[in-house]
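Undergrad: The chain contents come next:
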Amino acid sequence: MPVINYIQAVTQALKEEMQRDEKVFVLGEDVGVKGGVFRATDGLYEQFGEERVLDTPLAESAIAGVGIGAAMYGMRPVAEMQFADFIMPAVNQIISEAAKIRYRSNNDWFCPITIRAPYGGGVHGALYHSQSIEAIFANQPGLKIVMPSTPYDVKGLLKSSIRDDDPVLFLEHKRAYRLIKGEVPEEEYTLPLGKADIKKEGTDITVITYGLCVHFALQAAEKLEAEGVSTHILDLRTVYPLDEQAIIEAASKTGKVLLITEDNKEGSIIGEVAAIISENCLFELDAPIKRLAGPDVPAMSYAPPLEKEFMMNPEKVEHAMRDLAEF
Amino acid sequence: MPVINYIQAVTQALKEEMQRDEKVFVLGEDVGVKGGVFRATDGLYEQFGEERVLDTPLAESAIAGVGIGAAMYGMRPVAEMQFADFIMPAVNQIISEAAKIRYRSNNDWFCPITIRAPYGGGVHGALYHSQSIEAIFANQPGLKIVMPSTPYDVKGLLKSSIRDDDPVLFLEHKRAYRLIKGEVPEEEYTLPLGKADIKKEGTDITVITYGLCVHFALQAAEKLEAEGVSTHILDLRTVYPLDEQAIIEAASKTGKVLLITEDNKEGSIIGEVAAIISENCLFELDAPIKRLAGPDVPAMSYAPPLEKEFMMNPEKVEHAMRDLAEF
Amino acid sequence: MVNVNRRETVTENRHKKLGLSDEQVLEMYRTMLLARRIDERMWLLNRAGKMAFVVSGQGQEAAQVGAAFALDREMDYVAPYYRDMGVVLAFGMSARDLMLQGFGKADDPNSGGRQMPGHFGQKKNRIITGSSPVTTQVPHAVGFALAAKMEKKDFVSFVTFGEGSSNQGDFHEGANFASVHKLPVIFMCENNHYAISVPLSKQVACEKISDRAIGYGMPGVTIDGNDPLAVYEAVKEAADRARRGEGPSLIETISYRLTPHSSDDDDRIYRGKEEVDSAKEKDGLYTFASYLREINLLTKELESKWDEEMKEIIDDATDFAESAPYASPETIYRHVYAE
Amino acid sequence: MVNVNRRETVTENRHKKLGLSDEQVLEMYRTMLLARRIDERMWLLNRAGKMAFVVSGQGQEAAQVGAAFALDREMDYVAPYYRDMGVVLAFGMSARDLMLQGFGKADDPNSGGRQMPGHFGQKKNRIITGSSPVTTQVPHAVGFALAAKMEKKDFVSFVTFGEGSSNQGDFHEGANFASVHKLPVIFMCENNHYAISVPLSKQVACEKISDRAIGYGMPGVTIDGNDPLAVYEAVKEAADRARRGEGPSLIETISYRLTPHSSDDDDRIYRGKEEVDSAKEKDGLYTFASYLREINLLTKELESKWDEEMKEIIDDATDFAESAPYASPETIYRHVYAE
Ligand SMILES: Cc1ncc(C[n+]2csc(CCOP(=O)(O)OP(=O)(O)O)c2C)c(N)n1
Ligand SMILES: Cc1ncc(C[n+]2csc(CCOP(=O)(O)OP(=O)(O)O)c2C)c(N)n1
Ligand SMILES: [Mg+2]
Ligand SMILES: [Mg+2]
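Chains as they are written, first to last, in the working numbering: chain U, 985 to 1311; chain G, 985 to 1311; chain X, 100 to 438; chain F, 100 to 438.
Hints in this document: simulated from the structure, not taken from any laboratory. Fair warning: there could be bad hints in the mix.
Said to hold, decoys possible - Stretches of chain U that chain G covers, calculated by requiring three or more beta carbons in the stretch to come under 8 Å of a beta carbon on chain G:
id: 1; segment: 1064-1073
id: 2; segment: 1080-1090
id: 3; segment: 1123-1134
id: 4; segment: 1214-1226
id: 5; segment: 1245-1252
id: 6; segment: 1271-1284
Claimed, not checked - Result set (EDC-like, lysine to aspartate or glutamate): computed pairs, CA atoms no more than 16 Å apart in a straight line:
id: 7; chain 1: F; residue 1: K252; chain 2: G; residue 2: D1270
id: 8; chain 1: U; residue 1: K1274; chain 2: G; residue 2: E1263
id: 9; chain 1: F; residue 1: K251; chain 2: G; residue 2: E1006
id: 10; chain 1: G; residue 1: K1274; chain 2: U; residue 2: E1263
id: 11; chain 1: G; residue 1: K1237; chain 2: G; residue 2: E1211
id: 12; chain 1: F; residue 1: K248; chain 2: G; residue 2: E1006
id: 13; chain 1: X; residue 1: K281; chain 2: F; residue 2: E306
id: 14; chain 1: U; residue 1: K1292; chain 2: F; residue 2: E429
id: 15; chain 1: F; residue 1: K281; chain 2: G; residue 2: E1034
id: 16; chain 1: X; residue 1: K252; chain 2: U; residue 2: E1006
id: 17; chain 1: G; residue 1: K1300; chain 2: G; residue 2: E1206
id: 18; chain 1: F; residue 1: K222; chain 2: G; residue 2: D1092
id: 19; chain 1: X; residue 1: K252; chain 2: U; residue 2: E1035
id: 20; chain 1: X; residue 1: K251; chain 2: U; residue 2: E1034
id: 21; chain 1: U; residue 1: K1007; chain 2: X; residue 2: E250
id: 22; chain 1: X; residue 1: K281; chain 2: U; residue 2: E1035
id: 23; chain 1: F; residue 1: K223; chain 2: G; residue 2: D1092
id: 24; chain 1: X; residue 1: K223; chain 2: U; residue 2: D1092
id: 25; chain 1: G; residue 1: K1292; chain 2: X; residue 2: E429
id: 26; chain 1: G; residue 1: K1249; chain 2: U; residue 2: E1006
These figures come from a predicted structure and were not determined experimentally. Ideal Cβ placement from N, Cα and C applies to all residues, glycine included.
Chain U extracted, bound-state conformation (with noise of 0.2 Å):
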C-alpha cells in the first residue's frame, strides 16, 4: 500500500470526489491558484477550473453562508476555513443556519455542506494560528465534527464526510499535515461517521483521545510496554455526537481511563467524555478519571519556550499514562 501523508490524504479525498460527483466544488481563500496556504488544495484548480476551486472575498460567514445556499440547492460545497481560528465569523451561519436547517423545515431542506480547517498547535502559529475549536461546537445537534488522526481516517472520513447529507465540520490538524505518514489503500474506500476507532488493543489502561494525540499516546504506550503496561488505545475520530457505546466499552475494557486533548481542560471535548463514562460505568472504574489537557489560558504562545509549556507532546502524555498505570 502507498505511504502518504495526512495533507495528501485530504487532497486525495478532495480530488477523488470532485471526479466521482460533478456537484462536489471547493471555496476558500487562496485554494485556487497558490491551492491552499497549506496546499491541501493543490492541483485541484488546474484540475477542475475556478468555477469549481472557488477563491472567494476574503469573508468566512459568506463562505460558509454561500456554501451552505449551494448545499441546500443539492451542490455539495466543501468551504475551507484557512485556520480553525478563523471560523469565529462563521458561527451564526454554521451554528443557526447549517445545524438547523433540516430540523426547522422538519425534513423538507437539507444541508450537506464540510467545512474542513487546520486546528491545533505546535508550529509556532501563537494565539490565532494554534486554537483547537470544536468544543465551541460541540454542543450542536444537526452538525458533526470529525477529527481525524491518520491519513487512512482523513481520507476515509472526508469522503464521508463529503457524501453525508448533513453538515459536517472537518477539522485537520495542521501539525500533523506533514508530520504523520500512513498506509492508504489505491482502491476506493470510506469510512462511517460516528464511529470510534480502536488503534491499539490493551488490558492495563485505557486512553482515550484524538487528533494528534492518537500518535503521542502510541508513542507513549510502546515505551510503557516495554515495563509490562498494556494500553488500550480509543481514537474518537468523530467528536460529535460522540460514539458513547466505543467510549463505554474502551472505558469498561480496563477501568482505569485517561482522556487527552490539546486544547485547553475547562468545557473540552473530554469533559463530556469523562461525564459519558461516570454516567455509565462508574463500577467499572479502579481509579478516577484522569483528563489531561491543555492549561486554562487562551490559547498557545508564540515564544518557543512558551508554546512548548503549552502543547502536547509525548513527555506529558507518557508521564500521565505512567501515574495512571501506577495508581
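Chain U is already provided as a structure; the job is to place chains G, X and F with the ligands on it using the hints.
TA: The following block gives chains G, X and F with the ligands in isolation, referenced to the frame of chain U:
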C-alpha cells in the same frame, strides 16, 4: 426587605451602577426609547439620556466590538444582545477579542465589558428565541459566564460583573424575568463572581444546577422532603470558570449527584461538572452521576406540546431526583 | 385636443407598458388583498387569544407582490423574510398553509409547527427555509445563485430583508460575494422605516440603502414600495440582467410598517399615531386599488365577489388549521440528521 | 518670465502648502526609511533561520507614515494592522521594541512574545492591541471614538486594514455604527492589490473601496498611497472633520505589496516578476526621496549619515533583542484574568 422580580433586579442593578459610575453605559437594540424588548432597560433612557443608553444599529458584532473598544479605552459598557440566540454574529468579537485582550497584550490592555443576554425557553419562542448558549463560550479562558437564578443573585452579580475588570457574559433566563420573585435588600451589596451558592442544605442527594432549573429543583426538593428525602442543592451561578471546590464539596456531601441543565445534554456545562466530580471524588460516589438535560435536538419547537416535550420542568426534575434517591 | 385637456383626469394605463396583462394586474391586486386579509385575521385571532404570535407584512404587500410577479414563479428561488406573506402567496403557498403555520400545526409545510409564524420555507414552491437571526438568508440566496451559474441553469434567486437588517455583516459579505462572481441574485431591501423601535435615522446615515450598491459594483435603485408596478419594473429589470449573466442588483423599496413590529410590541411607545395615520394614506393596497378602479379593471362587482371569496378562503383556512392536530411530542426527536 | 520657463524642471514645494515644515517632512522620510530598513533586516534574519516569521509593510510605508503624521501623536489612538510598522514607529514604538516582538522575547511591549510578529499594541503610545482575525479592530476603533464623544475628549481614533479585509462584516458594521453616531474615527484601507494570493479583482467588484463610503453617509476618497503628502492631506482633513464633530471618513490608499504576503508565502505562484518590478518603480520610499532631493532637503550627507545611524540602530536592536531572554514557561499561566 422589598420583594422584586428577576427583571426588576436587572434594571435596578443597571440603574444603580450608572448612577455610581459615569463610565457605565448601556448599548444594544431597542434599549433606548423602548426600554428593551423585555423592558430590562426601562426608564434608563429617560434618566440618563441617549448618550448613555444607546440604541444601536441592528448588528451584534458591532454592538460587541464597539463595546470592546470603549471598554479598552476605560469605559464600562453593558451591551445587550436582544436574545441570546442572536449573540452568534458576535462570537468572533467575544471569543477572539474580549476574552483574549488581557492575555495577548501581556496585561497591557484589558476589557471590562459586560454582555447581557436573555436565554432559555418556556416562552413559546421556538428554535431561535429559547436557546441556552453558554456551552458555546464555556471553553474560553479570559471570559466569565454568569447565570443567576434569583433576583438577589441577579442584582449582586450584575453589579459585580459591571465592576469586574474582565469581560463577563451575563445570561438572564427570560422565563424567570417575571416568574421569579424574591427579596432584595435596599442597601448596596455585591456578590462574588466565580462562586457557587448552596441554595438548600441536604443530606441524601445532591442536585447541581443553575438558572431557572434551581427553582424546579427547590420545588421538587420540597415534595421529596415530605417523603423523607433530603436534598442538597448547589446553584453554580458562574458556569465558567466553574467553582470546582464547591462542586467537589457538594458532590461528596451525599455521594449521589444529579446534574441538571435546560440545554441539550451532549456538550453542555454539566458534562464538565460531571468530569470534575469523576476526577476528584470518584470514591465518594454511591451512585453513577446522573444528568438530566434537554434532548439532543437543535432547540425547542414552537407548538406547545413540542415545546413542553423539550423544556425542563418541575415534574421531570422531581422524577429524576426520586430515581436517584431510590438508587 | 380633447385628449390633452382630459389628461389630468384620465389615468394612464401603466401596466400595459410594462407588458402586464389586465389579468395579471388583477391577480397581483388579489394576492396583495389576500395577504392583507389573512394578516388582519391573524391579528384578530391573536387578540382573541387563539394565535400566540403574529408578525405582519401590512404596508409591504405592494412591494412583495410586485416583486414576486416579476420573477419566474415556476423556476426562480426566493429567500423571503418574516414579513413576506405577499411573496410566499405569490409563490404558491396557500391560505391553509399560512394558517397552519400561524397555529403551529403538524401539517404546516414550513416547519410542522417547529418554528414561530413567519418563518417561511417550502421546497416544492422553491421558498428557501428561513430562521430568526436576521440577514442570514442573504448569503444563502447568493449560494443558490452560485449553483445556478455552476449548473448553467436559468433561474435567479431573490432575497428580501429589512433596512435595519441591511446593517448586518452578512448583507455586506453576501452582496460583495455575489458581485465579484457575477451571480444571478436580486437583493431587495424592504425599507419600512423602523427596526422594531429604532427609526431609520438611527440605523443608517446614508441617504438611501441603495447607495450601498456602488460599493459592490452593482446597480442600486430606490423605488416607491407602495407602487407594485414600479417594483415590478425594477425587479423585472434586475431579473433580466441576472439571467443575462450581468450579476446582482440591489433594490430598495420604501414603504411603512403599518402594524406594531409584532403582536408582542406596543408601538405607541416610540412613534405617534399621526405618523402611522399619514402612512396609511399611502398604503399601496389602497392606492393600487384606486388605480385599478380608475382604469375600470377593478369593478364594484369584482370587489365584492373577492371580498366574499376571501372571507370564505380565510374562514376555511382558519377552521381547518385551528382544528388540525399539533405534531405529537415524540416527533421532536426526528430529523436532527438524515434518517 | 524666467520662472515660467523653468517651471517644468523646478520641483514645487508641496509640503509647505500643507503646513508641513522641512523638519517634519524629513522626519516623515526618516520614519519611512527606518521602517523599511527594519523590515528588510527582519527578512534577512528570517532567511538566516533566526526569526521564524516576518510580515512586511514594504511598499506601504508612505501611506502609513503620511497618515500617522497627520494625527495628533500625543493624543490620538491608533488601531494598526500587521503591516503598519510605519504607523507604530511614528507613534513611538522603538526599533528595539520591534526587534523584541520579531524575536518574541519577554520584553516585547506588544505581547511579551505571546503573539506572532506584527501584532501590535502598546498602551503608553495609544496603540490598541490587535489580533490575527482581520478587521476585528475596526469596531474597536469605533468604540474608542464613541468614548471620545461620550467623554467629550478631543482625540480621534485611526484604524487601518487591507482591501481584502474590507469585505468582512466587521468593516460594514463598524463603519455604519460610526457614521450613525457621528464618531471621530478615520478608516484607512491600505489597498495593496492582493489578499495573500487573491487579487483585487476577486475581492471586490467596485471601482474603488472608497465607493463604499456613500453607503455609510460619510466622505470617501482614494489617494495615491505612494505619496505620503497626499495621504497626509487626506488624513488631516478627516481628523479635522472628526474633531469638529462631523463624523468618520473613509480613506483608501493605493499601493502595492512589494514582498510576499509573509515569510511563509511564495508569491511567484500567483503573480509575475514584471508586475512586482513595475510596482517597485513607484515605491513611495524612492519617489519621496526624489522629491526631497529635488527640493534640496535630502542631501547626500544627510542620506549617508542616516544610513549609518540606521545601521547602528538596527544592529543594536537586533543584538539587544536576539540576546534578550524569552519569557519563562510558567508565565503562560498569568494574565488570563486580572490578578
Ligand atoms: C441577528 C438578530 N438580531 C436581532 C434580532 C431581533 N429582531 C427581530 S426583527 C428586528 C428588527 C428588524 O428590522 P428590519 O430589518 O428593519 O426589518 P422589519 O422588521 O422592519 O421589517 C430585530 C432587532 C434578530 N431577529 N436577529
Ligand atoms: C478572519 C480571518 N480570515 C483569514 C485570515 C488569514 N489571512 C491573513 S492576512 C489575509 C489576507 C489579508 O488581505 P488584505 O486585507 O488585503 O491585507 P494585506 O495582507 O494585503 O495587507 C488572510 C486571508 C485572517 N487573518 N483572518
Ligand atoms: Mg424595518
Ligand atoms: Mg491587500
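Undergrad: Compare the structure with each hint and give your call.
TA: Against the structure, the hints:
Here's how the segment 1064-1073 of chain U fares: 3 of its residues keep a CB closer than 8 Å to some CB of chain G, so the rule of at least three is met and the hint holds. With 5 residues carrying a beta carbon less than 8 Å from a beta carbon of chain G, the segment 1080-1090 of chain U meets the three-residue requirement, and the given coverage holds. Residues of the segment 1123-1134 of chain U with a Cβ under 8 Å from some Cβ of chain G number 4, which satisfies the need for three, so the listed coverage holds. Closer than 8 Å: that is the beta-carbon criterion, and the segment 1214-1226 of chain U has 3 residues meeting it against chain G, so the requirement of 3 holds.
Taking a C-beta to C-beta cut-off of 8 Å, the segment 1245-1252 of chain U contributes 5 residues in contact with chain G, enough for the three needed, and the coverage statement holds. Note: the segment 1271-1284 of chain U has 9 residues with beta-carbon separation from chain G under 8 Å; the three-residue rule is met and the coverage holds. Taking the CA atoms of K252/F and D1270/G, the gap is near 63 Å; set against the 16 Å cutoff, the hint is violated. The straight-line distance between the Cα atoms of K1274/U and E1263/G is roughly 6 Å, inside the 16 Å bound, and the hint therefore holds.
In summary, the hint linking K251/F to E1006/G is supported, as the alpha carbons are separated by about 13 Å, within the 16 Å threshold. Taking the CA atoms of K1274/G and E1263/U, the gap is about 6 Å. The hint holds against a cut of 16 Å. Between K1237/G and E1211/G the CA atoms are separated by roughly 20 Å; this puts the pair beyond 16 Å, and the hint is violated. Straight-line distance between C-alpha atoms of K248/F and E1006/G comes to about 14 Å, which keeps the hinted pair within the 16 Å bound.
Annotation: proposed proximity of K281/X to E306/F holds, straight-line Cα distance about 15 Å (limit 16 Å). A threshold of 16 Å between alpha carbons decides the hint, and for K1292/U with E429/F the separation of about 11 Å falls inside it, so the pair holds. A distance of roughly 14 Å separates the Cα atoms of K281/F and E1034/G; the hinted pair therefore holds under the 16 Å criterion. Between K252/X and E1006/U the alpha-carbon distance is near 15 Å, which keeps this suggested pair within the 16 Å criterion.
Among the hinted pairs, K1300/G with E1206/G is consistent with the structure: their alpha-carbon atoms are about 15 Å apart, no more than 16 Å. Our distance criterion of 16 Å between C-alpha atoms is met by K222/F and D1092/G, whose separation comes to about 6 Å. Distance hint between K252/X and E1035/U is fulfilled; the C-alpha atoms sit about 14 Å from each other, no more than 16 Å. A distance of roughly 15 Å separates the Cα atoms of K251/X and E1034/U; the hinted pair therefore holds under the 16 Å criterion.
Restraint check for K1007/U and E250/X: the C-alpha separation of about 9 Å stays at or below 16 Å, so the hint holds. Under the criterion of a C-alpha separation no larger than 16 Å, the hint pairing K281/X with E1035/U is consistent with the structure, at around 12 Å. Restraint check for K223/F and D1092/G: the C-alpha separation of about 9 Å stays at or below 16 Å, so the hint holds. Only pairs whose Cα atoms come within 16 Å are accepted, and K223/X paired with D1092/U is accepted, the gap being roughly 9 Å.
In summary, the hint linking K1292/G to E429/X is supported, as the alpha carbons are separated by about 11 Å, within the 16 Å threshold. At most 16 Å may separate the alpha-carbon atoms for a hinted pair to count; K1249/G and E1006/U exceed this at roughly 38 Å.
Hint violations for this structure: numbers 7, 11 and 26, all remaining hints satisfied.
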